[in-house]
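J.: With the hints as constraints, model all of the structure from the sequences given.
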Amino acid sequence: MGTTYIYKRDASRLFIALRENGKRFKIYIPKESQPVINGEEEDIDFVEQEDFHYAFDWKGKRYHCELVSRDQNKAVVKVNGVEYKFSLESLFSYIRHGMIDKDGKQIDENNIVAPMPGKIVDIFLSEGDLVNEGEPILSLEAMKMQNEISANCNGVIRKIRVQQGQSVMKDELLVEINSIDE
Amino acid sequence: MKKRLLIANRSEIAIRIIRSAHKLGMLAVVFQSDREPDALYLNYADEIIPARDAGNEKAIFLDAERIVELALEHNIDLIHPGYGFLSENPDFAELCVSNGINFIGPSPELIREMGLKTVAKSMAIKAGLPLVPGSDGAINDAEAAKAYADKIGYPVILKASAGGGGRGMRIVEKPETMERNFKSASEEALAAFDNGDMFIEKYLQNPKHLEFQIIGDKYGNVVHLGERECSLQRKHQKIMEEAPSASVTPEMRKEMGDMAIRFAKAIGYYSAGTIEFIMDEDRSYYFMEMNTRIQVEHPVTEMVTGVDLVDWQIRVALGEELTLKQEDIEIKGWAIECRVNTEDPQNRFSPQTGFIDKIYFPKDKDIRIESGVQTGSVVTPYFDSMIAKIIVHGKDRPDVIKKTLAALYEFNLIGMKTTVPFCRTVLQHPEFIDASYTTRWVDSVYTPEMLENDEDEMIGALAATIMYASEYLQLSSDLPTYKNDSLNVWVLNKRLNY
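Just so you know, the protein sequences line up as chains A and B, in that order. FYI, in numbering that gives the first Met the number 0 the residues of the first sequence are 0 to 181. FYI, in numbering that gives the first Met the number 0 the residues of the second sequence are 0 to 497.
One or more of the hints may lead you astray.
[Stated by the list, open to error] Chain A is faced by these chain B residues, among others (derived, beta-carbon under 8 Å):
id, residue
1, L189
2, A190
3, D193
4, L404
5, Y408
6, K416
7, V419
8, L450
9, E451
10, A462
11, M466
12, Y471
Note that these hints are calculated values from the structure, not bench results. Given the structure is predicted, the values throughout are model-derived calculations rather than measurements. Don't be surprised by glycine CBs; every beta carbon is placed ideally from N, CA and C.
T.: Set out below in structure tokens:
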């Protein structure tokens, strides 16, 4: 159907950078294309890399970055002479923290249930995969019709509760997703 | 034989003076201080005198006797003091003169007189310059102070006659608080200076700082080169300057310029000098003081007039007659200077020291860089934090603001923080753009959060993530499940394309 999804499968390439002012950046670094920041593919050119210094070109402007300090997952980066402090997490540690940390923003568990009774004919993704909102996860056959069941959010597939060939009842739990949306 | 010019200064101004010395066919001689033995300016000099000042309490640039002693030993003809250090020390000028060395600046007597504010002010009155309304003599009690304040209008400032350094000083907003303030200020003055005499002046709440550049010769010829606005200050230290000023109309420029010339002629001034004014919100202006040295911000005047002030300082000292005519002096376009100080604008401008791992300056025909450092230089705690100046010329004010901002985005220093992001913030602030900013801007408007912007923040997040991710993925590459598709592919692709 020609839809291109911004997140590819590899959830280990999605990171979350959190500033002390509460601002959150979800940064996906694909293998061979532009980085995806908060769901937008950004046309950022990497023009220089030397030890702890990076330079980027973005929208016609040069950005000089320097890693000032690093303590575990906390990093201070100087951008064009001004320091910004971030704490960094992989998607998995972020979700784990979200589960534990009651005060922090709860990562929703978005459950997908069968909209009608039928049979699972195909499962396209695996547990741990990154999934885009609207991206088909599995195919459910009912009344001789195949229905694609899609993700209702951007996130990572936590659990797939069904197997290929299995028959399901209406409202039966199919897939659990950890949303990465706000 | 070539004349030998000694520069009793360091850093960018030493290099600037060397340039003029060479242009005028002189040998440039500098001191090598043990406090920065590898300083950049040493590379430009024809001769270096080792100062051997490591064990001395004072760096060579502050040691008048030693400077003159070494100058005599090295057959120096002229001494240029630059700015700061001993540049406005009359005893140093006198020591040079009495030892037969040509001091590049006005006469020692004039330096002395202009250094005494009360003397300078009385000379200004004689020349017909306006002064901030205030009591001529001491005010004896709160009642008299109140009567005087009613006459000149509130707010007023009480100052200790013998004072300085802010002691015995009070700003009084309304008559009701006069008595209390007068009493405490007077007591403070008595304790500090053994003299409780007070005087009273009108207090300008939101002043602008304007200054007129003049140059005169030893034959009574004086011209002015227009004004500079230096309202952007922090703790009385200028950070950005511009020429001309948007607050000065052509009529005012003529009036104030004539005043500056009249004053310089009245006191018999020669060499380069600056007459400072303070301007109120209603554009009334008052004489503040005269600076008898070349100033840090002189390049903005040079950029808009095309006159080389340091050349002229030297030529006047040699007894040349001024060939500049007032009617030939034209202000062309607009110039802005940004001082690059190694200070952290995110943390109360605390000074930064260390190695400059890398420094990159913008380059363009309209950009002038005056730098005392290069990649690999050390910023020591012994001297001033100003390491360079970026001066930009444009066809008008909006044009120069735009160009300066672009130039500052090209500047890059790796190793420590500077005031450059601060200058960028200023250039984008509405009060700078509409030129309504005053000397209170840093205290009353500026917050460190203004340095941040969403674009930089996002790119910072990306940079931090890449650094973290490359490590994170490296870690997983050590695991047996590692697939050879490391993150660096994107990075490498990008690098290969450039």
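J.: The structure should be examined with respect to each hint, and the outcome stated for every one.
T.: Checked hints:
1. Restraint check, L189 (chain B) versus chain A: the minimum CB separation of about 47 Å is more than 8 Å; hint violated.
2. Because the beta carbon of A190 (chain B) sits about 43 Å from the nearest beta carbon in chain A, more than 8 Å, this interface hint is broken.
3. A distance limit of 8 Å between C-beta atoms decides the matter here; for D193 (chain B) the minimum to chain A is near 48 Å, and the interface restraint is violated.
4. Nearest Cβ of chain A to the Cβ of L404 (chain B): about 11 Å, over the 8 Å cut. The hint is violated.
5. Of the supplied interface hints, the one on Y408 (chain B) holds, with its beta-carbon coming within about 6 Å of a beta-carbon of chain A, less than 8 Å.
6. The beta carbon of K416 (chain B) comes within 6 Å of a beta carbon in chain A, closer than 8 Å, and the hint placing it at the interface holds.
7. Nearest Cβ of chain A to the Cβ of V419 (chain B): about 5 Å, under the 8 Å cut. The hint holds.
8. Contact between L450 (chain B) and chain A, as hinted, is supported at the beta carbon level, the nearest pair being about 5 Å apart and thus within 8 Å.
9. At a threshold of 8 Å, the smallest CB-CB gap from E451 (chain B) to chain A is about 6 Å, leaving the interface hint in force.
10. The restraint placing A462 (chain B) at the interface with chain A holds, with a minimum CB-CB distance near 4 Å, inside the 8 Å limit.
11. Taken as an interface hint, M466 (chain B) checks out: its beta carbon lies about 6 Å from the nearest beta carbon of chain A, inside 8 Å.
12. Satisfaction of the interface hint for Y471 (chain B) is found here, the shortest Cβ-Cβ separation to chain A being roughly 6 Å, below the 8 Å cut-off.
Violated hints, in rising order: 1, 2, 3 and 4; the structure is consistent with all others.
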